[in-house]
Amino acid sequence: MPDSTVAGLHHQEIQHPELLHHFATAEQQRNSASLGMWVFLATELMFFGGLFCAYLIYRHWYFADFAAASKSISMPLGATNTAVLICSSLTVVLAVWAAQTARRTLLLITLAATMLLGLTFLGIKGIEYRQKFVEHHVPGASFSFDHEEIPGHPGQYANPSHAQIFFSLYFVMTGLHALHMIIGLGIFLWLFLMAWNGRFSPEYHTPIEIGGLYWHFVDIVWIYLFPLLYLIDRHA
Amino acid sequence: MSDSTRAEHSSDHSSEHSKSPLPGYFAVFIALLIGTGLTVFAATLDLGAFNAPVALGIATVKATLVALFFMHVYHASEKLTKLVVIGAIFFLLLLLGLTMTDYATRLWS
Amino acid sequence: MSMEIAIPQPVERENYLNKEYGVWSWLLTTDHKRIALLYLISITFFFFIGGFFALLIRLELLTPAGDLVQADTYNKLFTMHGMVMVFFFLIPSIPAVLGNFLVPLMIGARDLAFPRINLLSWYLYIIGGVMMLHCMLTGGVDTGWTFYAPFSTNYTNTKIVEAGLAIFVAGFSSILTGLNFVVTIHRMRAPGMTWSRLPLFIWAHYATSLIQLLGTPVIAVTIVLVAAERALHLGIFDPRLGGDPLLFQHLFWFYSHPAVYIMILPSMGVVTEIIPCFSRKRVFGYSFIAFSSVAIAVFGFLVWAHHMFVAGMSVYAALVFSLLSYAVAVPSAIKVFNWTATLYKGSIHYDAPMLYAFGFLGLFTIGGLTGLFLSALGINVHVTDTYFVVAHFHYIMVGGAVMGYLGGMHFWWPKISGRLYPEGWARLAALIVFIGFNLTFFPQFLLGYMGMPRRYYDYSHMPEFQVLNVLSTAGATVLGVGYLLPMVYFLWSMRYGKPAPDNPWHAAGLEWMTSSPPTTFNFEKEPVVTWEAYNYEELDAPHPKEVPVAR
Chain G
247 MPDSTVAGLH HQEIQHPELL HHFATAEQQR NSASLGMWVF LATELMFFGG LFCAYLIYRH
307 WYFADFAAAS KSISMPLGAT NTAVLICSSL TVVLAVWAAQ TARRTLLLIT LAATMLLGLT
367 FLGIKGIEYR QKFVEHHVPG ASFSFDHEEI PGHPGQYANP SHAQIFFSLY FVMTGLHALH
427 MIIGLGIFLW LFLMAWNGRF SPEYHTPIEI GGLYWHFVDI VWIYLFPLLY LIDRHA
Chain V
2 MSDSTRAEHS SDHSSEHSKS PLPGYFAVFI ALLIGTGLTV FAATLDLGAF NAPVALGIAT
62 VKATLVALFF MHVYHASEKL TKLVVIGAIF FLLLLLGLTM TDYATRLWS
Chain D
72 MSMEIAIPQP VERENYLNKE YGVWSWLLTT DHKRIALLYL ISITFFFFIG GFFALLIRLE
132 LLTPAGDLVQ ADTYNKLFTM HGMVMVFFFL IPSIPAVLGN FLVPLMIGAR DLAFPRINLL
192 SWYLYIIGGV MMLHCMLTGG VDTGWTFYAP FSTNYTNTKI VEAGLAIFVA GFSSILTGLN
252 FVVTIHRMRA PGMTWSRLPL FIWAHYATSL IQLLGTPVIA VTIVLVAAER ALHLGIFDPR
312 LGGDPLLFQH LFWFYSHPAV YIMILPSMGV VTEIIPCFSR KRVFGYSFIA FSSVAIAVFG
372 FLVWAHHMFV AGMSVYAALV FSLLSYAVAV PSAIKVFNWT ATLYKGSIHY DAPMLYAFGF
432 LGLFTIGGLT GLFLSALGIN VHVTDTYFVV AHFHYIMVGG AVMGYLGGMH FWWPKISGRL
492 YPEGWARLAA LIVFIGFNLT FFPQFLLGYM GMPRRYYDYS HMPEFQVLNV LSTAGATVLG
552 VGYLLPMVYF LWSMRYGKPA PDNPWHAAGL EWMTSSPPTT FNFEKEPVVT WEAYNYEELD
612 APHPKEVPVA R
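Residue numbers (the working numbering), protein chains in the order written: chain G, 247 to 482; chain V, 2 to 110; chain D, 72 to 622.
Incorrect hints may have been included.
Using 35 Å as the maximum straight-line C-alpha spacing, the simulated DSBU-like pairs for lysine-lysine come out as follows [what the hints assert, rightly or not]:
(1) Lys371/G with Lys90/D
(2) Lys569/D with Lys596/D
(3) Lys83/V with Lys371/G
(4) Lys230/D with Lys378/G
Computed, partial: chain V to chain D, Cβ under 7 Å [said to hold, decoys possible]:
(5) Glu79
(6) Lys83
(7) Phe92
(8) Leu96
(9) Leu97
(10) Thr100
(11) Thr102
(12) Thr106
Pairwise CB distance ranges (calculated) [stated by the list, open to error]:
(13) Ile429/G with Val599/D: 50 to 56 Å
(14) Val365/D with His382/G: 30 to 36 Å
(15) Pro24/V with Trp442/G: 52 to 58 Å
(16) Leu34/V with His382/G: 33 to 39 Å
(17) Arg350/G with Pro24/V: 33 to 39 Å
(18) Asp392/G with Leu99/D: 55 to 61 Å
Simulated from the structure, these hints should not be mistaken for lab results.
Note that CB positions come from ideal geometry on N, CA and C, so glycine has one too.
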């Protein structure tokens with residue numbers, strides 16, 4: 247984790263205003279925050295991991311039905327969302343750089359751009375969800391998936407119950423991911439407000455670094471969700 | 002474990018003082034977009050049993066790029082960061098792998 | 072022979088207890104020691120709730136007929152007993168009380184890395200606890216604490232979602248505690264406190280935290296799936312819709328097996344502090360104990376399907392899990408050998424903490440060995456879902472974890488409260504607990520082996536089981552008395568107990584080098600560590616400056 251120190255100017259005894267009382271040095275505080283976020287991300291990986299486990303097993307069991315269900319979700323929208331999140335990861339890393347190099351305007355712009363891209367992601371997600379709702383692909387009482395052909399096997403139709411399992415996992419996994427995006431937006435709004443109030447400097451911008459770590463993690467989850475959910479069998 | 006009690010962590014970004022990281026960030030960004038396009042394209046090809054490994058392989062390369070360069074794991078001053086990442090991935094693979102031992106062998110006679 | 076205690080100074084200095092008064096100074100505290108006490112009160116409360124359910128279970132089982140409660144009610148009793156005891160007592164107990172209090176002190180820090188997150192942890196625990204209480208008071212859950220699908224998702228009409236949410240919230244409390252400990256132990260050690268000088272209590276809590284961090288999220292997401300399935304009939308675990316009930320079990324046990332190591336590792340850490348102190352000897356095999364703690368944490372993640380041997384899983388996978396379950400016993404056995412070797416040729420003192428440690432040694436060993444019986448596939452088929460399993464896990468969780476917890480509470484009570492508890496009563500209570508425990512649970516091994524199923528409220532088809540059941544219930548009553556006694560005399564000691572000196576046990580460790588009770592920021596000056604852990608030879612060596620000690 248590159249952190250900046252203005253070479254030579256900061257003595258151990260000069261207490262940075264952001265130094266909390268139970269830490270001995272700012273470096274200890276910064277390293278603790280960073281390790282804390284990394285450890286938290288490890289727990290998040292296991293949280294999503296349980297869902298990936300369920301997904302793996304049912305895809306193994308019901309590949310054909312999963313392929314048919316996967317075909318019915320919009321690949322262009324999914325791919326666009328992937329690109330949107332990749333752009334947002336870039337704006338995040340630029341925000342950290344801006345904070346490191348005391349570029350306040352760029353910092354505010356990149357934080358705002360990140361939020362905008364996040365909102366775009368959620369908006370596109372909303373469009374997708376609405377599509378599924380209209381097509382009765384939302385699991386539950388009104389679910390219906392009759393007469394959907396299995397890709398590459400004309401005349402064979404997917405088992406609706408197995409397709410419902412796909413859509414259950416689709417909604418839970420992307421829904422949980424979207425929830426994490428919303429939380430990320432909240433975090434970045436808070437970072438933006440802190441930046442606006444001039445709280446950050448090359449010596450202290452730890453919240454941006456660890457907020458960035460969180461955002462990148464949410465991006466990585468999507469990097470896996472996209473091929474697993476949208477690209478099961480697109481070659482028929 | 003390699004970290005010490007509040008010993009000085011030498012700033013290892015001295016190289017970044019003189020060299021801007023921006024070109025690197027943009028290179029990774031382009032690589033990620035190319036990877037996305039590639040994975041979409043590969044999905045339209047019939048690679049038989051290899052479609053899934055290819056898709057997951059590309060995803061893993063993308064995720065690795067994000068982790069190493071956007072999350073700064075590559076330049077991490079401590080081995081501990083890398084240990085946390087590798088450890089978490091290890092336990093995830095444990096969950097997936099050991100569970101699959103049941104599902105993969107249940108129908109063996 | 073008991074320890075000689077130095078005459079303490081009578082002056083009441085400022086410490087973390089008397090620094091500030093008032094409810095808000097406690098409810099909004101970020102002092103890890105105060106948070107530990109908040110947890111102490113809360114988990115004791117839930118211990119007695121869980122114990123109350125246990126009492127009702129044992130009363131029902133006095134007679135073969137199901138004549139005290141109805142079948143559905145009995146199902147709720149054992150479910151609530153399990154859920155409360157596991158999630159709201161055992162898992163937090165030692166880490167949240169003793170860990171929170173001692174981790175910063177033992178490493179020479181002023182507080183944990185994230186004091187506000189520590190307080191949040193407690194509030195999450197309370198919120199989860201209140202939700203669970205509400206759930207119990209408005210009907211409860213009847214699925215067993217394991218809430219297996221598809222009964223929990225499709226058939227039961229009890230309050231699964233609410234109980235699940237309560238556990239979810241409490242799980243976050245657990246995750247945050249683990250996170251705090253890991254970062255603290257990595258980042259906040261005092262100068263000179265290297266990894267190999269850490270008390271083994273710290274190693275144990277580090278390993279425990281790893282499990283809390285990596286396992287709890289999986290049960291959290293499982294609860295989400297169960298709630299979603301219940302609400303929307305998704306089919307993820309429903310065989311009629313193509314789902315697999317065993318998938319639930321895999322995801323559930325992936326956490327719940329390592330969870331039992333969350334419950335036992337801290338207790339092992341406590342015992343590793345007590346035994347050297349009361350043998351006046353350095354612990355034998357420090358590195359072995361340290362690494363075996365981490366090994367237990369890692370191996371503990373490899374064995375979960377041994378809870379599923381008869382559920383319909385692949386027999387080949389079962390073979391793998393059976394082998395791994397034998398492997399996981401090895402690090403625990405290493406610890407038992409090391410504790411025993413520490414005792415050998417030691418100068419043994421039989422104060423209450425040591426009595427609990429001895430109890431732990433014997434009972435944990437029995438519990439652990441019976442785990443090996445269960446890991447053998449052939450035996451497992453016969454004793455699964457019988458009282459053999461019930462006895463096995465109670466030997467470890469009560470004979471092991473709770474004994475360790477009580478031992479630790481007695482050992483560190485002078486540090487926590489600044490008072491000495493009455494030693495005579497404490498030894499009596501330890502004895503009562505030991506006798507009551509064995510009387511309660513040993514018969515259950517026999518019952519299980521003879522075929523009495525667990526979770527049955529009526530065993531009138533096998534009335535010959537009654538004698539052992541009556542013994543078990545009698546034991547439970549004795550055990551209850553044994554548990555009530557410490558509550559009474561600890562509370563008594565806070566007002567009437569002798570003031571405690573800084574180091575009443577002449578124990579090694581940084582926590583004993585500060586006042587009893589400590590000040591809010593623990594140490595007047597940040598300690599610099601230049602000695603190895605458990606330096607009892609140095610502590611006990613006579614030197615000219617030593618003040619003569621009078622009884």
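Residue hint Thr102/V, partner chain D, criterion CB-CB below 7 Å:
Hint holds; Thr102/V Cβ to chain D Cβ min 4 Å, cut 7 Å.
Given the range 33 to 39 Å, decide if the beta-carbon distance of Leu34/V to His382/G lies inside it.
holds, 34 Å
Answer holds if the nearest beta-carbon of chain D is closer than 7 Å to that of Glu79/V; otherwise answer violated.
violated, 9 Å
Mind checking the hinted window 33 to 39 Å against the Cβ distance between Arg350/G and Pro24/V?
23 Å Cβ-Cβ, so the 33 to 39 Å window is violated.
Range hint compliance [Cβ, Pro24/V to Trp442/G, 52 to 58 Å]:
Since Pro24/V and Trp442/G have Cβ atoms about 29 Å apart, the given range 52 to 58 Å is violated.
Against chain D, is Leu96/V within 7 Å by beta-carbon distance?
holds, 6 Å
Supplied distance hint 30 to 36 Å, evaluated on CB atoms of Val365/D and His382/G:
Hint violated: Cβ distance 51 Å, outside 30 to 36 Å.
Residue hint Thr100/V, partner chain D, criterion CB-CB below 7 Å:
holds, 5 Å
Restraint status (C-alpha distance of Lys230/D to Lys378/G at most 35 Å)
Holds, because 30 Å separates the two Cα atoms, which is no more than 35 Å.
Answer holds if the nearest beta-carbon of chain D is closer than 7 Å to that of Lys83/V; otherwise answer violated.
violated, 14 Å
Would the stated hint for Leu97/V survive a check requiring a Cβ distance to chain D of less than 7 Å?
This hint is violated: Leu97/V lies away from chain D, its Cβ roughly 10 Å from the closest one there, beyond 7 Å.
Keeping to a limit of 35 Å between CA atoms, is the pair of Lys83/V and Lys371/G held or broken?
holds, 33 Å
This entry does not satisfy hints 1, 5, 6, 9, 13, 14, 15, 17, going by the numbered hints stated previously.
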